[in-house]
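Novice: Read off the chains here:
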Amino acid sequence: MKRSIFALVTALLLWGPGAAQLNKNHELVAIKGATIIPVVGEDIPEGVILIQNGRILDIGAGVDIPQNARVIDAQGLFAYPGMIDSYCSLGLSEIGSVRATQDSRETGKLNPQVSSVEALRPDSMHIPISRSNGIALALVAPSGGLISGKSGLIRLVGWTPQEMIVKSPLFMHIQLPGGRGRTQQDTTKAAPPQASKKIKEIKDLFHRARYYQKRNTAAMKDARLTLPAFDEKLEFILPVVHRELPVMIAVDTASGILDAIKFIKEEQIQAVFYGAGEGWKVAEEINKAGIPVVLGSLYAMPSKWEDGYDAIYRNPAVLNQAGVKIAFSSSDAALAKDLPYHAAKAAAFGLDRREALKAVTIYPAEIFGVSDMYGSLEKGKAANIVLADGDILELRTTITLSFIDGKETDLSSIYTELLEKFRKRIE
Amino acid sequence: MLSVRVLNAQNLLIKNGTLLTVTMGTVIKGDILILDGVIKKIGKNIEAPEKVKVIDATGKYVMPGIIDSHTHIGLSGTNEMGATITSEVKMEDVLNAEDTSIHTAVSGGVTMVHTMHGSGNPIGGENVVLKTKWGKASEEMVVKEAYRTLKFALGENPKQANSFNPRGAPRYPQSRMGVNAIIRREFLKAKNYMAQWDRYNKANRSNKGAKNLIPPRKDLRLEPLVDMLKGKMYARCHSYRADETLEFIKLSKELGFKILCFEHAVEAYKIAKEIARENIGISVFLDNWAYKVEAAEGIAYNAGFCTKQGVLVSLNSDSPERIRRLFNDAAKSMKYGGLTEEEALKLITINPAIQLGVDKIAGSLEEGKHGDIAIFKEHPLSAYTLCEMTIIEGEIYFDRNQYLKEREEKAREKKDKEKNKEKKGETQ
Numbered sequence: 003m004k005r006s007i008f009a010l011v012t013a014l015l016l017w018g019p020g021a022a023q024l025n026k027n028h029e030l031v032a033i034k035g036a037t038i039i040p041v042v043g044e045d046i047p048e049g050v051i052l053i054q055n056g057r058i059l060d061i062g063a064g065v066d067i068p069q070n071a072r073v074i075d076a077q078g079l080f081a082y083p084g085m086i087d088s089y090c091s092l093g094l095s096e097i098g099s100v101r102a103t104q105d106s107r108e109t110g111k112l113n114p115q116v117s118s119v120e121a122l123r124p125d126s127m128h129i130p131i132s133r134s135n136g137i138a139l140a141l142v143a144p145s146g147g148l149i150s151g152k153s154g155l156i157r158l159v160g161w162t163p164q165e166m167i168v169k170s171p172l173f174m175h176i177q178l179p180g181g182r183g184r185t186q187q188d189t190t191k192a193a194p195p196q197a198s199k200k201i202k203e204i205k206d207l208f209h210r211a212r213y214y215q216k217r218n219t220a221a222m223k224d225a226r227l228t229l230p231a232f233d234e235k236l237e238f239i240l241p242v243v244h245r246e247l248p249v250m251i252a253v254d255t256a257s258g259i260l261d262a263i264k265f266i267k268e269e270q271i272q273a274v275f276y277g278a279g280e281g282w283k284v285a286e287e288i289n290k291a292g293i294p295v296v297l298g299s300l301y302a303m304p305s306k307w308e309d310g311y312d313a314i315y316r317n318p319a320v321l322n323q324a325g326v327k328i329a330f331s332s333s334d335a336a337l338a339k340d341l342p343y344h345a346a347k348a349a350a351f352g353l354d355r356r357e358a359l360k361a362v363t364i365y366p367a368e369i370f371g372v373s374d375m376y377g378s379l380e381k382g383k384a385a386n387i388v389l390a391d392g393d394i395l396e397l398r399t400t401i402t403l404s405f406i407d408g409k410e411t412d413l414s415s416i417y418t419e420l421l422e423k424f425r426k427r428i429e
Numbered sequence: 182m183l184s185v186r187v188l189n190a191q192n193l194l195i196k197n198g199t200l201l202t203v204t205m206g207t208v209i210k211g212d213i214l215i216l217d218g219v220i221k222k223i224g225k226n227i228e229a230p231e232k233v234k235v236i237d238a239t240g241k242y243v244m245p246g247i248i249d250s251h252t253h254i255g256l257s258g259t260n261e262m263g264a265t266i267t268s269e270v271k272m273e274d275v276l277n278a279e280d281t282s283i284h285t286a287v288s289g290g291v292t293m294v295h296t297m298h299g300s301g302n303p304i305g306g307e308n309v310v311l312k313t314k315w316g317k318a319s320e321e322m323v324v325k326e327a328y329r330t331l332k333f334a335l336g337e338n339p340k341q342a343n344s345f346n347p348r349g350a351p352r353y354p355q356s357r358m359g360v361n362a363i364i365r366r367e368f369l370k371a372k373n374y375m376a377q378w379d380r381y382n383k384a385n386r387s388n389k390g391a392k393n394l395i396p397p398r399k400d401l402r403l404e405p406l407v408d409m410l411k412g413k414m415y416a417r418c419h420s421y422r423a424d425e426t427l428e429f430i431k432l433s434k435e436l437g438f439k440i441l442c443f444e445h446a447v448e449a450y451k452i453a454k455e456i457a458r459e460n461i462g463i464s465v466f467l468d469n470w471a472y473k474v475e476a477a478e479g480i481a482y483n484a485g486f487c488t489k490q491g492v493l494v495s496l497n498s499d500s501p502e503r504i505r506r507l508f509n510d511a512a513k514s515m516k517y518g519g520l521t522e523e524e525a526l527k528l529i530t531i532n533p534a535i536q537l538g539v540d541k542i543a544g545s546l547e548e549g550k551h552g553d554i555a556i557f558k559e560h561p562l563s564a565y566t567l568c569e570m571t572i573i574e575g576e577i578y579f580d581r582n583q584y585l586k587e588r589e590e591k592a593r594e595k596k597d598k599e600k601n602k603e604k605k606g607e608t609q
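Residue numbers (the numbering used here), protein chains in the order written: chain H, 3 to 429; chain C, 182 to 609.
Among the hints, a few may not be true.
Unchecked claim - Derived pair list, reagent style BS3-like, types lysine-lysine, alpha-carbon separation capped at 30 Å:
1) C:K600 / H:K306
2) H:K283 / C:K586
3) C:K232 / H:K306
In case anyone wonders, no lab produced these hints; they're calculated from the structure.
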């Protein structure tokens, strides 16, 4: 009896929110004839992918299709793993100018207590649009302040927030000052506050959290000592201080990046950079520190005119060549569907095309610690499969089918619904 | 009087490129000869005349310079918010040749822009068409051949739906009713003003009338509206919702002015029939949407759908950043809307040229048109492409290879300097 309860608890831990919610459908599905681009390993011309119970049962050129399988003919199409948007506000933001629909940013400077997935709106009109462009997973991140809150990795399908969560919390988000996306006109304005000053504030917070915990622990052991009053900010920053929760640090300038590297080393925390528009200036240092970079939107201008018109575009290539693990992001909700085009733009400016593809699939999966299940088409992994009529990073390519965790998803969206509605008017 | 246009007399021969002419199909391994800034000849194996610079475009794609039908670049002011009706202001008066957005534009193959008054006023100011001649004086950029256009705006912006004015009473209008009414009021004023002048001129001309008549007071705010009523100037109207767009068409008929183009027109697909029937163009984003309520149904299919319904569609940037990737937006119209490559390219070349009234000089690769050209590394509709060279009237305004060379040189200089410093340090 005891053992079975233990087993149940373990199962709950494994399959609760945090683990992949695989499709319980036992139906055997075979995708046949597509050129398979597994991302990891060689392409497979005219291959077969077998799907059952949410996973890739088998994959390859010579895989036999059992008689009971439902066969999807994918001749002439290309099979890719579903893409991963490494930073966005999907489900947190609907209409830009309407405050009532904005939930990605809290007021105040320190908000370690907030969690993005607790504001996630599964019915957001932007989610199906991203999904129908081949995106399967997304890091939904809070922004603003100095400590913005916690992000979570979601799958772009599900009726409730809980059904959508793959892993949460994934990161605590720290926002260092920087000039992301400023135009040339703006650069003449006063320089933004130094990152080092802000880092001091965070270090101070960490120290206070440590002391807070010390007092707590001591009070637990000795009833004569005062139990410190509950402090929300310190309480929720503790997982970071304890290195249980990694941080994603939004930083843009070269000096800010160097300051942040120093901070990460001193605190010995696990960290990922976000943005890093001037990363190319300190690519060696980032690589040496072993910190991955989630790039910000490439729909931006360099923060400094002297850096050259293409600084934002070539940044990913320079980082990649230096050995830094990179991942692309849409950094948006309404245009989250454009994720593949950020990768392609970087490829236009020197990034190897295969690396560009990896930076929207396997690299983010590795950075987020979910590469055992996501990011590539491999036997045993979750069946996140997209069928496309061309190169998935190309602007003209159309997605014809998408499986997320073994479930075939709906490719319609408000785009297609409105189109159909008004097409009727002219028929 | 003969108007003699002095082009920057530049001669250029582009050789062996894939020429995407837009209006005359594709020429594989084609040459373009530009003499005195004008395309003299398009063909194969054209010999370079003496002293003509040759550009080898082997393996590259050559297309007409991209035209952005709606921007606010190259200006030192966009909205005159001191009054509700500001038809007297002219964008040509506030040109800023040093705006680096002009360089951003040429780095993305853009050679011509319609740079406009903002959308803060129901009736804004007079717009201007520029060639993006980065480094030249602003006077040299103005395209005199273009239509004269006046900016109108409907919906959330002129009714100030998203801007707070905590001090003072709200500005009239605050509703779409008021926006329409105030435009009507101004045109009725202009008609009355026109009548005053007509009566004066008539009386002055006739022998029977009184002598020494005092002319009506000159009204610079109404003059542009009079020009519109006389067909010398046209409306470019910022509109989002389908209903307000239809109302403005009605208003133009009631008052007797002509609409050239609706700006943004995110709901044009709902009324494509009416817009096509009225022969009005639309200048839209491909997929920029949902930034405000009236943009919440701006689907990416809009441009493609309306094109297929016979509407003259152009894609605009309305942004100093998006302006350098209009060719990416054009490519998306193939995915959303099923346009062909040629139809997609038209959205950023000949269609905006027609909307601006400059299709005789720009918008396609044709003999006799200006030598405004963009050269791309790969097909301009590929996501992997980049602009390598931008040419205006035979003169090179952007050259990526040159840029890369200069960047390398700078980097080398910097390294040498650092080395020297180190050496100095050692000897000291």
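Novice: It remains to establish, for every hint, whether it holds in the given structure.
Specialist: Structure-based check of all given hints:
| no. | hint | in the structure |
| --- | --- | --- |
| 1 | C:K600 / H:K306 | holds, 25 Å |
| 2 | H:K283 / C:K586 | holds, 18 Å |
| 3 | C:K232 / H:K306 | violated, 39 Å |
Taken one by one, the earlier hints fail for this structure only at number 3.
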